[in-house]
Amino acid sequence: MTPTPTAPDGLGTLAGKAFAAYVAGERERLSELVDLVTPVLWNAARSQGGSHATCEDAIQTAFLQLVDRAESINEPAAVLGWLVVVVKREVWRLARGSRREFGVEEVPEAPAQQLDPEAQSILSERQRVLWQHISTLTPRCQELLRVIAFADRPDYAAIAESLGMPVGSIGPTRGRCLQKLRTTLGSDPGWAV
Amino acid sequence: MTSHTDAIDARDVTNLGHVRDLFAHADPVPSDLAERIKFEITVHALHAEVAELMDSALLTTRGAETAVEPTPTESVTFTAASVSLMVSASPSETSDSDDADQRVRVDGWVTTPGAQVEAVTNEGSRTAISDANGRFVLDDLPHGPVHFVVTDPSNDETRPVITPTITI
Numbered sequence: 029m030t031p032t033p034t035a036p037d038g039l040g041t042l043a044g045k046a047f048a049a050y051v052a053g054e055r056e057r058l059s060e061l062v063d064l065v066t067p068v069l070w071n072a073a074r075s076q077g078g079s080h081a082t083c084e085d086a087i088q089t090a091f092l093q094l095v096d097r098a099e100s101i102n103e104p105a106a107v108l109g110w111l112v113v114v115v116k117r118e119v120w121r122l123a124r125g126s127r128r129e130f131g132v133e134e135v136p137e138a139p140a141q142q143l144d145p146e147a148q149s150i151l152s153e154r155q156r157v158l159w160q161h162i163s164t165l166t167p168r169c170q171e172l173l174r175v176i177a178f179a180d181r182p183d184y185a186a187i188a189e190s191l192g193m194p195v196g197s198i199g200p201t202r203g204r205c206l207q208k209l210r211t212t213l214g215s216d217p218g219w220a221v
Numbered sequence: 002m003t004s005h006t007d008a009i010d011a012r013d014v015t016n017l018g019h020v021r022d023l024f025a026h027a028d029p030v031p032s033d034l035a036e037r038i039k040f041e042i043t044v045h046a047l048h049a050e051v052a053e054l055m056d057s058a059l060l061t062t063r064g065a066e067t068a069v070e071p072t073p074t075e076s077v078t079f080t081a082a083s084v085s086l087m088v089s090a091s092p093s094e095t096s097d098s099d100d101a102d103q104r105v106r107v108d109g110w111v112t113t114p115g116a117q118v119e120a121v122t123n124e125g126s127r128t129a130i131s132d133a134n135g136r137f138v139l140d141d142l143p144h145g146p147v148h149f150v151v152t153d154p155s156n157d158e159t160r161p162v163i164t165p166t167i168t169i
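Chains as they are written, first to last, in the working numbering: chain E, 29 to 221; chain C, 2 to 169.
Calculated from the structure, these hints are not laboratory results.
Yeah, the Cβ is synthetic: ideal placement off N, Cα and C, and Gly gets one too.
Be careful, since some hints might not be right.
As the list claims (entries may be wrong) - Stretch by stretch, here's where chain E covers chain C in the computed footprint (C-beta under 8 angstroms, at least three residues):
1. 3 to 12
2. 15 to 29
3. 140 to 152
Could you build all of it, start to finish, from the sequences and the hints given here?
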């Protein structure tokens, strides 16, 4: 699934169309939705620092909730953002144990992104350089860039909002996180080959 | 100089492409996650009973990390409390010899005569009704993952039975 940044329809729009068709009775369109959004949801989940098992459970739970509440979701077009919110909250709920519920308005902040040593060892030289630059950004920027990287340009603003970022933090303008990535990469002679 | 108030340009999109490649490489989505989610959704939506795979012989179940090419004539048996299902796959006779487009024929037998057997594949689903002996044929299926949903149209009381996904 390669996101196509120049496509008129972003991932969110395609997901919204598939979901609207599913609600309208085209049962098989749900598979399309799952295929479309699973990479974004995986990265939204993993960027919270959850284990593989926790992240898989969170994504599965989000989809089951979506199916249960399909009729009551007012804006099918916003389904991608809806899923990102639920996945993020589920990872935190599962990771902390069910004792502590998060309030409706409370959006926990993701930790700095981690890659386990095994994953780091398979990076190319250039990816290692990129990883070092990403690590200099704030945890919020790391989370935001990681998740939107798996979506399309028209989706950035909605995804940022779903992750709890202030409105206007990205898209259609570059925003501070993307600007910082650009600056830090641009200042590295080793990157600009 | 560029500023954070400028519009996102091609360079930003390229940078994000590198970020995507980095995480896709270092922390990939588990290969069978999407299929498992679809399966869970189906089970959930049908309130179905999940049949157990009794004998996987040479047909590979999803998620098994075997590189062995499944032999297409082997059979698989699934069992649930209310029903058992046996299926065997072979090359479809209607397809031409072009390997890339090879279609699959599934011959099956189910313990309930008159049961509706639905094969759910990447292309959608195909349905057959078992005959008086419980036999059914589902022809012209695509290679790839498939799971079966067995319902009894003559008995609304029974829960549907869903099988784990296998590869044909």
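Determine which of the earlier numbered hints do not hold for this structure and return their numbers in increasing order. 3
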